[in-house]
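*Asks:* As a plain string of letters, each chain reads:
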Amino acid sequence: MAAARSEHTDPKRDEAFRRELVGLIPHLRAFARTLCGDPTAADDLAQDAMLKAWDARQSFEMGTNMKAWTFMILRNQFYSEKRRSWRQSQLDQEAAERTLVAVDDPEAPVALDELRQGLGMLPIEQREALILVGAGGFAYEEAAAICDCAVGTVKSRVSRARRALQGILESGQYRRDGSAAGEAMASILAHAERLSQAK
Amino acid sequence: MRRSRSKSPSLDEARLRQQAIGVRLRQMFDEVVSEPVPDEFLQILRKADEKRSGEA
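Protein sequence lines, in the order shown, are assigned to chains S and R.
Offset between the first sequence (1-based) and the numbering used here: plus 6.
Offset between the second sequence (1-based) and the numbering used here: plus 301.
Keep in mind the hints are simulated off the structure, nothing from the lab.
Hints are all accurate, no fakes.
Pairs of lysine to aspartate or glutamate residues, derived as EDC-like cross-links and limited to a Cα-Cα distance of at most 16 Å, are as follows: (1) R:Lys348 <-> S:Glu21; (2) R:Lys348 <-> S:Asp61; (3) R:Lys352 <-> S:Asp61; (4) S:Lys58 <-> S:Glu87.
Everything numeric in this text was worked out from a predicted model, so none of it was measured.
Model the full structure from these sequences, guided by the hints.
*Replies:* Below is the structure:
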């Protein structure tokens, strides 16, 4: 896209923008990974979003929420790519189920893999709402702006996602290695307990 | 048998479970956030920046 960039660019502003954008890369990667599943596809998406944000920097109002702004760009990018080849998302889903298991965390507990897989089983609107609010640190209002929907819609998606995820974890629908149903939930509970005791 | 403070113990249990899932969800997300950013990202951004200065 060779947009007409005749406007004067302010190097100082660009530098401030760049620095803030670079700081957001890890978050963009994390959000992309929850949308795509496959880490390589996710990084491609995050890079595209980063470039789009950079190209659109003139339209960003410094001092406003750049994280929400870049997440919105990433999400739009994700859906426009998905529209282009909706079949890809099916493949992504399968790839996600294969690759999400291979986390390079030596002590990644089984439950974390299962949480990832459970997340992958949710409808995409529920998954993104839950991630934005439950992990990304966004308020419902911000998540609604990112997803371009009503606040009430985000709230209901998040609560449906929570219920569904709990159901998946408790019933052991993932059945990765024949582990008993509900084992993931038990492990997640034990983990939370350990954390609260450690405080 | 002591009655729990809230109306229903199963409600407490459900809340506990949701909290536990929430903790894990954040952990999962933060795990990726704390990964080192691949050099590629910064290279791409640098290239875009150079292109801009080149065009100017």
